[in-house]
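Using the sequences provided together with the hints, build the complete structure.
Each chain, written out:
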Amino acid sequence: MTHPSPYLMNAWYVAATADEIGTDGMLHRKILGTSVVLYRSEDGSPVALHDRCPHRFAPLSMGRREGDALVCPYHGLKFNSAGACVHNPHGKGVVTKALAVRSFPVVEKHGFVWIWMAEEAADHALLPDYSPLDEGHENGVARTYMKLPVNYRLILDNVMDLSHVDHVHGEIISTRGQLSPLFPDVQETESTVSAAWEWQQTPPMLILNQFLPRPEEEARHWIQVNWSAPGNIQLSLYCAQDDTPVKEGPGQYDLHSVTPEDEFSTHYFFATRRNHIEDDAEYNAMKIRAMHDAFENEDGPVIAACQREMGERDFFAMNPVLMSNDLAAVKMRRRLQGLIEAENSAAITLEAAE
Amino acid sequence: MTHPSPYLMNAWYVAATADEIGTDGMLHRKILGTSVVLYRSEDGSPVALHDRCPHRFAPLSMGRREGDALVCPYHGLKFNSAGACVHNPHGKGVVTKALAVRSFPVVEKHGFVWIWMAEEAADHALLPDYSPLDEGHENGVARTYMKLPVNYRLILDNVMDLSHVDHVHGEIISTRGQLSPLFPDVQETESTVSAAWEWQQTPPMLILNQFLPRPEEEARHWIQVNWSAPGNIQLSLYCAQDDTPVKEGPGQYDLHSVTPEDEFSTHYFFATRRNHIEDDAEYNAMKIRAMHDAFENEDGPVIAACQREMGERDFFAMNPVLMSNDLAAVKMRRRLQGLIEAENSAAITLEAAE
Amino acid sequence: MTHPSPYLMNAWYVAATADEIGTDGMLHRKILGTSVVLYRSEDGSPVALHDRCPHRFAPLSMGRREGDALVCPYHGLKFNSAGACVHNPHGKGVVTKALAVRSFPVVEKHGFVWIWMAEEAADHALLPDYSPLDEGHENGVARTYMKLPVNYRLILDNVMDLSHVDHVHGEIISTRGQLSPLFPDVQETESTVSAAWEWQQTPPMLILNQFLPRPEEEARHWIQVNWSAPGNIQLSLYCAQDDTPVKEGPGQYDLHSVTPEDEFSTHYFFATRRNHIEDDAEYNAMKIRAMHDAFENEDGPVIAACQREMGERDFFAMNPVLMSNDLAAVKMRRRLQGLIEAENSAAITLEAAE
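Protein chains in written order, with our numbering: chain A, 5 to 358; chain B, 5 to 358; chain C, 5 to 358.
Errors might be hidden in some of the hints.
One copy or any two copies: either way a pair holds, since identical chains are not told apart in the list.
What the hints assert, rightly or not - Straight line, CA to CA, 30 Å or less: simulated DSS-like cross-link-like pairs of lysine-lysine:
no.	residue 1	residue 2
1	K34	K335
2	K335	K101
3	K335	K96
4	K96	K251
5	K34	K151
6	K251	K291
7	K34	K113
8	K335	K82
9	K291	K34
10	K113	K151
11	K113	K251
12	K291	K151
Please keep in mind that the hints were generated in silico from the structure rather than gathered at the bench.
See below:
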């Protein structure tokens, strides 16, 4: 990776959902502009290698697996799951040090496979913790994936400013215009920004109201987004009636995580755990399909249209008219940019010292 | 618009045919590289706004209409037909001066909606007059629209040099090789160029001969093109036999008008009024379809192929071998270039003085 | 052609198979970035002209033939097979010296039409000789054509390093891993590189074994590639059992020839003559179809994937890890690059002296 990088490198990104990677086959995915081949070794642990043979640059994902090793489709070089060449069928079979592919640290956690793309050693302390996704029945949590032709920041903006739910989304998750007038409670640290909204609406949100005592009557709602650099937003949504504390009512604990494919294309991962109808596989499948569709048909087209109108220009350079609802998103963008710039400065200093 | 601009800015361009813009819905069209949303207000008058919300650059044309106002699909900002924000649902609903979209002057005339894209005040004296299009039965005039992947000058070249009709077009409008040998009468002013051809042919042009006394016998023909900067060419075509003055014979009064979508894509508008079978809606529909098809299937593919061969190079920089038939087109290109350069020089002078 | 050119210009390239060019119609093909129209004159000899009218750059291939002349589709200029304008229908019909299209020397040989793209006089001594293709029954030789979205060097690399047959290809032409361990015999001159492999395998190659005394038993095999700058590789393949000299056993004499469409797209021509079942048209058709499919489905996708991974970067600049099997390909690339650079230096010297 050349510096300055447009991405925060010393960080974990979601590479795939756990389901996308099987013990058979391989998954090709471009991450931060780099071709990666993902697969699961015979013991079940995920593996990520540079999807480019060092010989003539053929993608290993077009080749075949031999146990945990990958065989290049072009000239048969074989690489183990650490990226070392374990067989060179050519000439005397010499394996030089250069005859290797880069291996990327990966960790399976919360139903996703996370990847570390930096050349620096992986810092496991930076792996975020979304344990509530794992707590409860297996049919109470679901995940999905989609790809959007936009810079990843535009998706983060979307989730950090939930006032858009008043306007973009249909009846099922309508917030009835209640979020836009609010000034959310925004908190930040160097690498996190959170925002929370509290409001009442009648009827309550239709995805939750059937789990309330009086489905058609007013309920208190609470929603919170917690961004962690670079691409994770944990979202909690609950509602309640009467004296029930809002966080004890029906609700869900979600993760939105974005991983740049490149500067203008983004892998978008989503997970949701709910505290109601947790054991019904069919309901679970319906629920994740509805969430997937809401994004694909409602947010997605609008965000993609914004990107088309922006072209390759920088968001701030286009002088957006920012409003109260942009506060959390703008803080998120500034924190992220600060971290990227700090990382690039450090890299340049390091290179100069070498 | 940054200077130097590749377009003549202080001018009226056709944005749409009157029929394309309804009182319901919106039309998105990119004009001179800028996204425009066109619609008709409830009183029927056309409106053109920048199709980009100033907040996060969503296209307003993806949103919805509320009477004469447009509501942004992303966060619900509402803009009236002058581009002023009339509702901000966020926070305290403050509407700053910056919270507005640019409104473009538009005029409906001759069955087209004309737009003024310059930042300077619209000069209505520059709106061209093609009144004959409006004179007569409503079924004696028709309009059409198409888009071509070429620089707009290539379409103007095509119409300014009618010798191409001898070679490109089929039997219906064949001129039987009679125009190419002629040296047309070419006249010019600072912002106009005209050319006229007179000839005889047997049989007369097949679109007109059935309205002559002796359809199969020789007739005098006259055709004239009148270019007005930047993109309008008015074309008149008549034929006659015996002592009838040629302009009193069967014929038609047309307008070809081109509007750059961008430097390599062009909106092409066409209108035609004839002085025969003026009251037959079915004949009228057949006539405009035939004209549309002639362009789409005959001129269009050749012009597009020329553009592909030119790539993004400048026409004159490729050293075309110019001939007698190019005279009017070359004068048109030089006049147009002179006007664009004068406008850019004036803009630079103005900026320097500020 | 501007200097420096990315192509070797003073050379013959295959423009088309003889079958692609008929006495009716025209073939448009872009060669070394230049649009060429190919056709066969009434006496059967092939013709190649710049496919760009000098007037307004319309492709002549969109026009029509009048005997051996081509008529421009746009304004009717007519050019003879030497590229001279023989009719200008405009004005007084003056034909200036500039009113001509460039004609390219072409030669029909070995079932292909070869073209000379340099501005320098064609050097017929540089036309390669693959006479064995012409010797024998007409049904013992076949040709095919395909286009690949890659730089032409990647196809040359593929053929110069036949160790790939061990890995890329299916059962029919499998070499059972026997080539990769070998150090081929590599020979070179200023503009040629050859490599030869000898080995034994059981069963023998399945495309040849049925013509051996004992089809299922071990046979000696010999394969040789002979590259001639810029784009030709003659390949010979034979096998034998017992005391039969290997080159007297069943085998084939092939030509692989690449012609850049542009820097990242290549016309790939192939011919094969065999010394067995020479008179069976149906077998011949099956044979060439199998060879075509092997390339299209096996080598082609891998080579195209390498190009996608390389983007527009230079092969050596990406630091490939080269191995023993790359020796002939690397020598070929260096010889080719040397010839291109020498040609460019000579051209610059010439221009400076003018």
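Hint check:
1. K34 with K335: within (28 Å within a copy, 33 Å between copies)
2. K335 with K101: between (45 Å within a copy, 23 Å between copies)
3. K335 with K96: Answer is between: at 20 Å across copies they meet the 30 Å cutoff, but 59 Å inside does not.
4. K96 with K251: Intra 67 Å, inter 28 Å, cutoff 30 Å: inter-copy only.
5. K34 with K151: both (11 Å within a copy, 27 Å between copies)
6. K251 with K291: Within one copy only: 20 Å inside, 69 Å across.
7. K34 with K113: Within one copy only: 20 Å inside, 46 Å across.
8. K335 with K82: Intra 47 Å, inter 25 Å, cutoff 30 Å: inter-copy only.
9. K291 with K34: within (28 Å within a copy, 39 Å between copies)
10. K113 with K151: Close inside one copy (21 Å), not across copies (45 Å); limit 30 Å.
11. K113 with K251: within (25 Å within a copy, 62 Å between copies)
12. K291 with K151: Only inside one copy: K291 and K151 sit 19 Å apart there, 43 Å across copies, limit 30 Å.
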